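**Q** For reference, the chains in residue letters:
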Amino acid sequence: MKTGFSGFFNYAFKSILSGNRTYTLWMFGLIVVSMFGLNAFSRQIAHGLYTTGMGDEVSWGLYISNFAFLVGMAAAAVMMVIPAYIFKDEEIHKVVIFTELWAIAALTMCLLFVTADIGRPDRLWHMFPVIGIFHWPTSMLTWDVLVLNGYLFLNLYVCGYVLYRKFHGLKLVSKHYVPVVFLAIAWAPLIHTITAFLFQGLGARPFWHTGLIAPRFLASAFAAGPAFIILVFKVMDYFKCCKIHDEVIAKIRVIITVSLLANLLLVGSELFTELYSGSEHSIHLAFLLGFHGSSVLAPWMWTAIALNIIAAIILLLPVRQNPQFLTVACIMIIVGIWVEKGLGFVISGFIPTPLGDFVQYQPSLNELTVCFGILAFGLLVYTALLKVAIPIINGELCHRENKD
Amino acid sequence: MSAEEQKNLKTNDSDQQESGISRRYFLAGTACLSAAAAVSLSPLLNAEEVPSGDDFIQKHYKELTTEDKKEIFARLEAQIKEKYDVDATISDPPPIDGVEFAYVLNLGRCIGCRKCVYACMDENNQSRSPQKQYIRVLKMKKGTINLESASHDYPEKEAESDDFFYMPVACQQCREPKCIEVCPVKATWQEKDGIVVVDYNWCIGCRYCEAACPYHARRFNFAKPQIPAQDINPDMGYLSNRPRYMGVMEKCTFCLHKTRRGEYPACMEVCPTGSRKFGNLRDPKSEVRIIIEQERVFVLKQEVGTLPKFYYTFAK
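Sequence lines, in order, name chains A and B. If you're matching positions, the first sequence starts at 1 in the working numbering and goes up one per residue. If you're matching positions, the second sequence starts at 1 in the working numbering and goes up one per residue.
No wet-lab data here; the hints were simulated from the structure. Just so we're clear, the structure is a prediction, and the values are computed from it rather than from any experiment. Quick reminder that beta carbons are idealized off the backbone N, C-alpha and C, glycines included. Worth double-checking, as some hints may not be accurate.
[To be verified] Computed footprint of chain A on chain B, listed as stretches where at least three residues anywhere in the stretch have a Cβ under 8 Å from a Cβ of chain A:
no., region
1, 24-37
2, 42-48
3, 130-138
4, 144-157
5, 221-234
6, 239-248
Construct all of the structure, not just a fragment, from the sequences and the given hints.
**A** Okay, structure coming up:
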């Protein structure tokens, strides 16, 4: 039995490369989609961002929409870490690492989406301090780079430490990782707030220039993130790889319900402010909702609002105890909040343009392929991480060196 | 059990997992994956623009020495010669001391003919396909200043109408430019004479500045710029009208390759009605100074706090 890091990585490597038929087919499918995404991205590098649906009017599109949504998903890991470490909930503590691993996968996707959106990825080295110019603290983008990478390293450290120690059957020394966990708890809302500040600091874009963006981002993230985690847990339960207690699901459901209601309150507050006064400032929202000429975004936005409301109703009625209804509610929340944050926030901030021009935005096929490729790759990373972590957490391997 | 399987069990340490992957499958899998990746990446072979090694390591404009600049300009001129068969000269005129450029546009006279838009394109070597225009002329109904009621793409026959007024908008060269604050690599900054410039070799194309501009003044090269060789203006400035690259930002630079030599910007020179006035705000005898002091001028979106240097007036 190999010791130390090589033993751990040896195990991890073998674990990812082996599995039953379902696992192999799933990973193979994700690799295929990722390859299509890589192909589309290569076409974009070769011919420019002209291959997307973006233009000078809507200069940020589906890539940044997905980025904003996934930063929220990554931050939402903290919603499980708080009950685990602060309220010392035993059951949640056992499975919290699966959410921290999700944060790693989500952040990987965030970084890939930003790279996909950059006009000159060959010049990304210009952002490094010393060899390039890092315009910190003035540019909010530099803050985002710092906090996202920082959060990634925090989660890599915590997950790596816990999995490594458990793999070798060693005890977890609290002071070696718990302070980092608490730092991550504080850091998680920070990453999503900074991402929100990126948008809300721009006086040029009145649709974004409100103080409500950061709270809205956080509320919607803390509804969509745990909803995704519930779906992951259901999948894990279905494949019988890990026993997730019903009370864990119930507690996460409560977190989602509260966050969703908070999100509805904030969205409702925005809708009221924009639409009640009838002032011209509401033009972005009016266009988004289809009140100012035709808009391809309108049906999406109305569906998103409906999904959010229906999901909230499901989560408040006794039927929320029904696992099928809960699954449906979770899917509705993820889709609804993705639309609300992506199409309903990022894209509609550009329409009308600062000079009052109304345009339509539609992603191109190449752009969609890149998006799906990155999403598939993120799921690939997450599956691989889970494949390594689940046997360790289940205790199937931890007693190898300490056999009596 | 075959010899192969016995060998697998010996080399495989993880006796508590599912059967490990054999070396043969691993190598075959890696080969397949590499082949698939190579096929996926194959469009890169058709890349329309590949930076050279020198392009790649080039430093920020502000860190270039005079020698660096000579070398770089020579390289760029050679690239232009190779691509367009045009003998271009890339200059780098410094800002003139004591000069702060400003612009005044008389909405009372502008007829919306758009000659300024096309003169700008000709002067600044803008891409013809896709077409890049720095100046956006808004056709506004009389009685409103609401930009959302404007028509951006009116046909030529709708110019010179008495029921409308026409408002050209380009970079306002703000005193408090929001675009330079948000750039993560300082690829765009404000020069001493007030002109906001872009180092086209430093810009990473994140388009944050385009999001931050309240006047829709900045343009991004989503595609490789296409200019017919005969339309190239060989009188180029490093920070202004030299041909740009795919994936970088650009915008109006008040034709600094001309104005820093004492000439007028192309848009002003071509204007048939005399609606455009340009000059040094610090010079009490300049046209712009006199107009701003004597006429009733205003700026766009004053509430955003950008302090633009592009003034509008409704004079005779």
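**Q** Give a verdict on every hint.
**A** Hint by hint, here is what the structure shows:
Under a criterion of three residues with beta carbons nearer than 8 Å to beta carbons of chain A, the stated coverage of the region 24-37 of chain B is upheld, 5 such residues being counted. Taking a C-beta to C-beta cut-off of 8 Å, the region 42-48 of chain B contributes 7 residues in contact with chain A, enough for the three needed, and the coverage statement holds. Coverage of the region 130-138 of chain B by chain A holds in this model, with 3 residues showing a Cβ closer than 8 Å to a Cβ of that chain against a need of three. Closer than 8 Å: that is the beta-carbon criterion, and the region 144-157 of chain B has 6 residues meeting it against chain A, so the requirement of 3 holds.
Counting residues of the region 221-234 of chain B whose CB lies closer than 8 Å to any CB of chain A gives 4, which reaches the minimum of 3, so the coverage claim holds. Restraint check on the region 239-248 of chain B versus chain A: 4 residues with Cβ-Cβ distances below 8 Å, three needed, restraint holds.
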